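Colleague: So you can see what is in the structure, the chains are spelled out below.
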Amino acid sequence: MIHNKQFKYKIGIAVFTLGITFTSCSKLLERSPNDALATKDAIIDAGTARAAIIGAYDRLQSYQTSDFPTLGTITADNVIFNGTLSQYLQLDQNAVPPDNVITVSAYQSIYRLINSANSVIAYVPGVNDPALSATEKNSILGEAYFLRALGYFDLGRGWGGVQLLLGPTTDLGVIKGVKRSTIEQTYDQVLADLTEAEKLLTDDANTRSRAQKSAVYALRARLHLYRKQWASAEEYATKVIQNSKYELVKPYKNFFTTPFQTKESVLELKYSANDRNSYWNLWYPSSLGGQYTLKPSETIISKLNNPNIGGARKTLLAGSGNSVYGVLYNTQGQNTDPAYLIRIAELYLIRAEARAQQGLLTLALADLNTIKNRADVASVTITDKTLLLNAIDEERNVEFAFEAHRWFDLVRTEKAGTVLGVTNKNFWLFPLPYQDVLSDPALEGKNNPGY
Amino acid sequence: MSKIVKALATAVPLVFLVANSFAQNGKITVKGKITESTTGTPVAGATIQTNNNKATTSNDDGSFIIIVDDNIKNIHISAVGYENYYLKLRNASEYTIQLVSENSKLDDVIVTGYGTQNKKFIAGSIVNISGNELKEIPSSNFTQLLQGKASGVQVSANSGVPGGGITFRVRGNNSINAAVEPLYIIDGVFINSNNNVQTGMGGQTQTSPLADISPSDIEDITILKDANATAIYGSLGANGVVIVNTKKGKLNSKGKISFNISQGRSQALKKFEHITGEETGILVNEAAINTAKDNGIDPATITLPFPDPSVLPTYDRNSGLFRNAKSANYELNIRGGSDKSTYYIGLGYNNEESIVKPSGFERITARINYDNYVTKNIKIGTNTNFSRTYRNVSSNDNNPTGVINSAIFPRSYVPIFNADGTYNRAGSFDNHLALINNLDNNAVGWRTISNLYAEISIIPGLKFKSSFNIDNNDMFENNYSNTLIVAGIAAKGSASSIANKALYLTNEQVLTYVKRFGSKHTHDINALVGNTFNTVKIQNTSASGQGFATDNIKAISDAATRSGSSSRSEANLISYFAKASYTLDNKYTLDASIRADASSKFGVDNRWGYFPSAGFTWRASEEKFIQNLNIFDELKFRGSIGLSGNQNGIGPYAALGLWSSGYNYLETAGTAPTQLENRNLTWETTRQADIGVEFSILKKLLNFNIDFYNKYTYDLLLQVPTPSPTGFTSYLQNYGAVRNKGVEIAVTSNNIETKDFTWTTTFNISFNRNKIEKLASDIALGASGRNVSILREGNPVNSFQLYKQLYVDPQTGNAVYEDVNKDGSITAADRQIVGNANPNYFGGLTNNITYKNFNLNFFLFFQQGNKIMNMRDFFLVHGGTQNFIGFIPRQLERWQKPGDITDIPRLTTYKSNINENGGAANNYGGQVASLSSRYLEDGSFLRLRNVSLSYNVPKSVYQSLKIQSIRAYVQASNLFTITNYKGLDPEVSAQSSNQNTAGYDWATVPQPRTILVGLNVTF
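Residue numbers (UniProt numbering), protein chains in the order written: chain B, 1 to 451; chain U, 1 to 1019.
You may find that some hints are simply not true.
Said to hold, decoys possible - So the derived list for chain U, only partly shown, Cβ under 10 Å to chain B, looks like this:
hint	residue
1	Asn424
2	Ala426
3	Asn431
4	Ala571
5	Gly649
6	Gly651
7	Gly662
8	Ala669
9	Gly670
10	Asn848
11	Thr850
12	Tyr851
13	Gly926
These aren't lab readings, by the way, just hints derived from the structure by calculation.
In this text, all values refer to a predicted model and were calculated from it rather than measured experimentally.
Here a beta-carbon is modelled for each residue, glycine too, at the ideal position from N, C-alpha and C.
The whole structure should be built from the sequences, with the hints applied where relevant.
Modeller: The structure is reproduced here in structure tokens:
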């Protein structure tokens, strides 16, 4: 039996329940995460401005920790492939497809860094917060210019002239029609950013893990070296060498032994238990908890172990027989190895090369011997310019055996053909990512030549 | 006098006998007895009531007497769980009436979207499988049991690890980046089917959360395949819907206790093999000599790696890997019901070891299903499942320090132990025995799936139901790597602990109207309207520590360094839906539904989606002219079209422009841009058309069910690659389209049906063709950065792109590849699509034979045309050598001297002239880098999935023991497999954690052969 009253009551409940969800609808559909900021709120005050520049350093870490030292070593003659992952095999064989995981990852990471830096450069000047002093603002901006310079420099030496984006990506429209620049234009942009950074950054403070004026000088010296602007390279290298904040540490292995951040470093990215660098894992054998993908070659093992070549630098190696491994990155289990971006030793060798190129052989030889002596290798006497330049190249090889130099040096000095057998100069540049060529009309479907 | 009254088509008939009525002083006495027609059991407690409120109830034997005024024309009879009935009094001595049970299930009534429907009139494509059909196969996961049982449903285990991931696809892959898993609904609860074990275990979907359900609790499973059936689920329905109903008690039934126990043993059908130390030495020497020759060096001048290979010892790592794995299963269930309530209680314990040490799976389940009629018109109830799972997890597939890789990769002359008895390791690999003995990773899941509902009958046929549903999945993982395994060596012990909570809450209201009217029930209406509010809250907390005092201390609080993290997210979905179906004359049915969904995941400008569908059914066998043909016992045509959506698989905040946190440096918190805003982001939509025909011939000896479908999914939720200079690598957009079309055929044959002997055969086969119709650009992925899989417009998903190896030159021994662009050299442009992982067809054949007390069931499963990328051969059978990596026996078939005919090239590690086709560099490294089509194998197979023999012990044996039935059974699964595949097992998917990388075999645990004996006793 149905009673009308009861029926109405039940319908009422139904309508009411339906109604509850309906009214609160729009609110329930607006959800936001608790671990991220809306883009419009990303840089609005002192706190967010500081967080943004810190984030840019984290982006720098993301390609300098592992990708870049790998690209600078396994591609050349110091390190061989010893694992299972093909991306390393491809690099070792110098048969790098456009979808090589490491070149793609590095390329993308560098542009992420650049987007972070661009955002800081675009938005920090507009921050109006008493907590952010003019000095701090300038320093943040200066760091952003430096980081962008470093990003474009690494792109330039790895991939050639690249697309130059100088503003933050607010939507995909920003990339429309941006064509690749020439390598000269890319390096010009690096110079422009370094010039700006030099103006904005203060003189050196204690830190070695954030960009300071000296880091700007050092990168500029490197840039001039790559551009064969020898006088400028010498000038800027000297500016850093003269700074008493930096000196060659002895013994050699001190700079890569905890607690790190030695006077050797001009710029050294720091890691900690909360911010780990497990790059050692690629170098150590499995019996020590590693993957052993990157193995020192027979050639570099014999050079480093030779007292007249490697000297104290033999401490870059450990193990014996078929199981010799590299220990530049050695914080097994701690995962706190720094990324060595610029060491003072590099400035000496930049200056040596720049001086030799300018015919200042004695001064060049002095710089070379400074480096040799630090590694307990006896001084040499070379009077021929070509021989001296070769000796400097060799010195760079052993001094920076497992750092991101060897490949770029062989390409820069055009020796990659003779030393590595990579005679096809097209392969001296890495390919652009496959997906960039497909997705970016500005590239007109073209990768680097040869790819 | 008796009379049969038919009632609603959606219910069970009930016999209602009313006896003797006679006049007495203006009063009449009405007498009767109530029984249930199907079982003959009396119905007690029914209310017999006149309209002046005189009432009585029926006795335990169903009988009643009521004296009423003689002017009374009607008596109202009601009983809990049955439809109301109005008895018209006549001058009869006896009344017999059939009433209708409200919710007991008829054979031809099945649960579909938010309601029930009569099978005869359903316009959608639906498969219904009873729990009985599934009990013959031993598996802890009900989804695996559906393999080969339902047409259009592709089911494949990713590995032989118990409780592991299952690939389950209804009519192919609809999507690229969004989910392709169907929606699972258990007793009306929308459940979470995402793997929530986070411990890295290689490339597989590690676990299936559906293994939390005990298959023995399942009454039946309905799979909704086409748009007409799924559109009502709107943005959740595009990938199909799997509706699971668990067992319930029956009203007025005596309690039944049933106990089931089984024990099994599992073994590998095929094991990994290795070559001897000496053979390894010979191969390595040969490579060194060949490499020297290629480099123009006199081989006589080089130092051979092994001057005398015959002294090399051989160590067998493979035999230590496998075991004779045990499994045990115990179930107890109790079911019954009173006149007002029903109950089902199921308890289960399941324990299975993996055939490869040390993985294992254990599950404890407890279920209670309870319904109660509070009044005649209000029913409340719950279906609640608690389960605890325990997994001993171990890494395999693409992880070099996984158990299997650590056994199969090292060269066989490398000792397993050092001279001092410690574990020896080589290259990138761990020691397999160290792993087996020391792996200490476990995942404990606590799952509650429950609903609580109230259902109110407002007027006959009109019901309102409201329910609150919860699926709470808590997963606790504790991993400890001690200093004896690679993962813990450097860290001096490494531990992590992860707590993950996935909470799915749904509130649902449905108003249903089911009515038949007209003189001969010519009009039949089945309509519903409702809404749901659904929220998904995920919370994750993890801690890790490194550096422990000793291997015996494992608590993270004691670690030298510790770190922790937490995250949470929430997504909401608001839905309104309506569905109506109208049947005329039992012949023609029109069916339409619509759903509106709004999700918090989508862009502010595009939040609402609307999903309509329409279908028709024509039961041609009801037409005179068809009946006159005398061919068809049943003939039905179906057709439907509609839209359904997909929103699963994208993040809860996917549409927002974000700067994320955690980009820290120098112990300072940092932020960085991570996601571009997309205000227009919305559902991907699947438009599906389906035409089906069902017919029975030869007196229902043969029953056919055939479907053709065409599914077009557009506005894919696609991570469209963006140029890197933007600082973003992809942008989630609605872009792209995928099509799946196919044919499904299911046949049931009732071969023989006599008193003592019955034999039925069921067969189904499904063909699906998948094609990516629109894609922004190629997406290459898979094989740990080797990009062996590719998504490319015009090709199916899960395609493989490799260099096609034509032959090994018998003269030079070098591999020759197809030069696609004919430019005379091998470059990246010569890589091509050489096959895909999707089968051309798959299906199953089941035979069920009963002779007296014996029952024999055997089930064959087959699939044809899918390719498998054999990564084991990729690493261990190739044209080069690599420090620390060994070979398997097939490597011995390599080219050795001019004239040899083989597909395995000459061993060399020469690395110049990488683009030369037929050059030595491409035997191993070079441009090809071993990405040769020779590793891509045919994965077709036919397998005797299961044989089951059972015996019902005759009652005479145990009559005195108050036992109702005893059934003893023996089951054997995977007795044989016919395949050309050279790996251990063709049913494999080592990279299944990504839906677009199906078909890899990579150090994966094979499907075991299991023999199991069991006993089932019912009291």
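Colleague: Decide, hint by hint, whether the structure agrees.
Modeller: Hints and how they fare:
1. Asn424: 8 Å, holds
2. Ala426: 7 Å, holds
3. Asn431: 9 Å, holds
4. Ala571: For Ala571 of chain U, the interface hint holds, since the closest Cβ of chain B sits about 7 Å away, which is under 10 Å.
5. Gly649: Where the cut-off is 10 Å and the nearest Cβ of chain B is about 17 Å from Gly649 of chain U, the hint is violated.
6. Gly651: Status holds, d = 9 Å.
7. Gly662: OK, holds: Gly662 of chain U within 10 Å of chain B, min 7 Å.
8. Ala669: Check passed: Cβ of Ala669 of chain U comes within 6 Å of chain B, closer than 10 Å.
9. Gly670: 3 Å, holds
10. Asn848: 46 Å, violated
11. Thr850: With Cβ-Cβ at 49 Å, over 10 Å, it is violated.
12. Tyr851: 54 Å, violated
13. Gly926: 6 Å, holds
Checked against the numbered hints above, the structure breaks hints 5, 10, 11 and 12 and satisfies the rest.
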